[in-house]
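Using the sequences and the hints, build the whole thing.
These protein sequence lines map, in sequence, to chains U and V. Going by numbering that gives the first Met the number 0, the first sequence runs without a break in its numbering and finishes at 463. Going by numbering that gives the first Met the number 0, the second sequence runs without a break in its numbering and finishes at 229.
Each hint should be verified, as a subset may be incorrect.
Claimed, not checked - Mimicking EDC-like on lysine to aspartate or glutamate, the simulated pairs with C-alpha atoms at most 16 Å apart in a straight line are:
1) K82/V / D381/U
2) K168/V / D183/V
3) K338/U / E54/V
4) K226/V / D183/V
5) K125/U / D46/U
6) K64/V / D329/U
7) K226/V / E171/V
8) K125/U / E50/U
9) K177/V / E188/V
Said to hold, decoys possible - One side only, chain U facing chain V, incomplete, derived with CB under 7 Å:
10) L202
11) D207
12) T251
13) L321
14) K383
Honestly, the hints are just simulated from the structure, not real lab data. Please read all numbers here as calculations on a predicted model, not as lab measurements. The beta carbon of each residue, even a glycine, is placed where N, CA and C say it ideally should be.
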Amino acid sequence: MPIDIPPFGARTVIWVFAQQHLFFASFVLGAPIFIVICEYLGLRTKDLRYERLARETMKMVAVAYSITAIFGVLFSFILMGPYQGFTNYLMVRFYPVFLAYGLLILLETILMYTYWYSWDALARRKRLHISLGVAVNLVGTVMMLLMNAVGAFMLTPPQGAEEASLWQLINNPSWTGLNLHRFIANITFGGFMVALFAAFMFLTAKKDEDRAFYDWMGFTGNLIGVASLMALPIAGYIYARELFLYDASISTLLMADKLAWFFEVQGILVSLLFLGANYYMWLGIQRIENGRRFLSYFRTTFAVIFVGTAIWVTPQNFLPDLTTQAVGVDLQAIAIPEKAAFMGLMMAKGLAVTSIIIMTFISYLLYRLAILTGRITWGAIDSKAQYALIFLPAVAVYTMGLMGAVRELARQDFLVHGLVQDTSPYWYIPTLGYTSLVVGVNTLIFFALMVFIFFVGFKLGKEG
Amino acid sequence: MDSKAPGKKPVKRAPAVAAIRGRGNGVATWARGPFLGTLAVLAIIWIPFSLLPVELGWSFGTPFKLFYSAIGITGGLFFALLKVGPSQGAGLPARVVGGITLTYLLTVGALVGVGLAFPQFEIRPPGEETEEASGAERGKALFQDSGIGCYLCHTVTGAGGLRGPDLAKVGETAATRKAGLSADEYLRESITNPSAYLVANYPPIMPPNYGDRLSVDQIEDLLAYLKSLR
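Following this line, the structure appears as structure tokens:
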């Protein structure tokens with residue numbers, strides 16, 4: 000290849016920078032959605048907590064936005080060197096899209112910083128300020144749709160792509176599914192990041208009123224994250240179905256061949272997310288007067304989660320892919336027994352995850368019932384709950400990184416599926432172990448940068 | 000943990016023993032229920048399924064038992080965590096930041112560990128073509144190449160996907176599939192124009208562009224391999 004990047008290789012370096020860009024992009028796109036909603040709720044209910052949540056979260060977004068852009072630029076530059084032919088191909092096919100994207104970055108920057116810096120100036124003209132926030136969200140969403148088109152095209156180019164119009168390239172077979180999944184996932188991501196921030200601030204708060212506020216903020220962020228999380232499996236299924244309808248072999252690669260064990264890890268990750276969410280509610284309900292009477296129901300939820308997880312992650316066999324033969328190993332020992340084969344099928348796993356979602360929803364209803372019948376003491380939550388709010392974003396970020404890798408690796412040795420072959424030394428699908436290491440490093444880099452944002456925004460900077 | 004009757008000296012017991020016996024102070028008793036529950040789950044996983052005859056179709060192999068045991072132990076630890084009493088306030092900022100960082104590191108580390116522990120496939124670079132490799136051998140390599148993807152939908156000798164027809168004996172049946180077509184013609188048509196003939200009970204999902212994706216030589220090699228399957 001023309002340029003490589005030792006010692007990790009061009010593909011891995013691009014992977015890290017692209018993933019960081021996507022992490023931060025997810026945050027700066029997802030958080031403004033509920034920032035604007037919270038600002039509106041603050042206006043309607045006169046509850047100052049909503050205003051404070053909106054403002055403090057926006058402070059983080061303003062810092063994160065710069066980092067998003069920096070990683071986007073770095074990702075682009077690093078991609079151009081080793082993959083000159085491919086970037087040229089994309090630029091030729093999608094030139095108007097990239098032009099529009101660049102202009103929208105400019106517009107979004109103007110809108111976002113106007114929205115942030117006019118917060119006090121427009122304090123008496125809240126509706127105008129909220130309208131600015133809506134504009135920020137609309138422009139950001141269009142930006143996401145444009146880049147989703149390029150990403151989706153790489154996996155599902157339309158039939159006759161070489162003669163296709165620009166709109167046909169954009170509106171390719173998996174564009175809609177990717178848009179839906181990423182839109183919902185951005186909200187989930189934003190919610191969990193707010194919860195992470197709240198946990199950090201709760202644990203370092205010196206005043207009771209701050210602790211009370213950050214307890215409420217963590218609850219609200221977690222609520223947003225978990226509520227949208229429940230819609231993600233459906234969005235993921237819709238996306239996967241689009242891939243299946245486009246080319247069934249992609250689905251087999253994902254679920255039965257080399258990427259199957261990646262989905263085993265995904266099952267564990269999503270189960271951990273629901274477990275963490277329910278554990279947080281378990282601790283949270285204990286700060287509500289008479290809330291402890293519901294604890295036994297939560298134990299049932301936990302048991303369902305563990306049993307559901309066991310079913311969800313039951314593999315059909317322990318072979319790493321479809322072509323590996325069981326040499327020197329008893330096939331019967333590593334394959335699911337005949338009568339239990341149903342546990343390896345999609346229906347059983349669908350039922351398992353549906354049960355987990357329903358039980359989580361019931362837990363939340365019990366939590367709401369506790370609030371209706373008792374008094375909640377904000378700030379009195381067990382500090383272990385804050386560590387749950389740290390655990391959840393760690394798992395969520397890792398999940399996003401792993402699933403992003405799965406989507407890219409589904410192209411196998413193509414840069415554009417079926418059209419542009421990857422002739423670099425990195426054409427192959429890396430092992431799950433290697434992928435886990437890179438995703439883990441990405442997760443830690445993101446965490447370090449978020450801590451930097453918290454520190455700069457709230458410990459060094461003045462309250463804005 | 001100490002326990003004592005009135006007038007007697009305290010008897011020190013090892014924490015684990017005290018936890019199981021449930022004596023001592025409240026901190027020790029929290030482990031008993033989850034510990035016994037975990038033992039029960041492990042006993043169910045390892046004992047009954049080992050005693051069942053294989054013919055019954057319920058015998059899980061050791062990898063499955065280890066897999067479920069890991070889930071069971073994790074569950075036991077989680078239920079033990081539920082019994083831990085309330086934690087006090089945060090403490091010094093440095094300690095808080097350290098706790099947050101440790102939580103994050105342990106979480107990510109455990110997830111990476113799971114990824115490393117699961118089965119790993121081998122990365123097989125495309126085989127170099129040699130003059131000694133026959134067409135059928137080259138065709139087999141193509142069939143098993145994940146970039147071409149034949150095996151993802153078609154089974155041969157028990158290995159492969161299930162979305163398409165089993166090709167284990169396609170060398171015998173190809174000539175009889177479609178009237179007027181030889182085995183070569185039928186197989187070539189199936190690869191380049193799959194919608195021309197659909198095998199009963201299978202959906203029309205085979206990609207139609209293999210005629211463009213594969214070279215003439217690659218198609219010939221695939222035909223040689225498929226015709227060898229008898």
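To see whether the hints hold, each was checked on the structure:
1. Annotation: proposed proximity of K82/V to D381/U holds, straight-line Cα distance about 13 Å (limit 16 Å).
2. Distance check on the hinted pair: K168/V and D183/V sit about 14 Å apart at the alpha-carbon level, within 16 Å; holds.
3. Restraint check for K338/U and E54/V: the C-alpha separation of about 10 Å stays at or below 16 Å, so the hint holds.
4. A threshold of 16 Å between alpha carbons decides the hint, and for K226/V with D183/V the separation of about 8 Å falls inside it, so the pair holds.
5. Taken as a hint, the K125/U and D46/U pair is honoured in the structure, with Cα atoms around 14 Å apart against an allowance of 16 Å.
6. A threshold of 16 Å between alpha carbons decides the hint, and for K64/V with D329/U the separation of about 15 Å falls inside it, so the pair holds.
7. The straight-line distance between the Cα atoms of K226/V and E171/V is roughly 7 Å, inside the 16 Å bound, and the hint therefore holds.
8. The suggested pairing of K125/U with E50/U holds, with an alpha-carbon distance near 11 Å, which does not exceed 16 Å.
9. Between K177/V and E188/V the alpha-carbon distance is near 10 Å, which keeps this suggested pair within the 16 Å criterion.
10. The closest approach between the C-beta of L202/U and any C-beta of chain V is roughly 4 Å, which is under the 7 Å cut-off, so the hint is satisfied.
11. Interface hint status for D207/U: violated, as the beta-carbon distance to the closest one in chain V is roughly 11 Å, over 7 Å.
12. Given the 7 Å rule on beta carbons, the hint for T251/U holds: about 4 Å separates it from the nearest Cβ of chain V.
13. With its C-beta approaching chain V no nearer than about 6 Å, L321/U sits inside the 7 Å limit, and its interface hint holds.
14. For the restraint placing K383/U at the interface with chain V, the shortest Cβ-Cβ distance is roughly 5 Å, inside the 7 Å limit, so the hint holds.
Violated hint: 11 only; the structure is consistent with all others.
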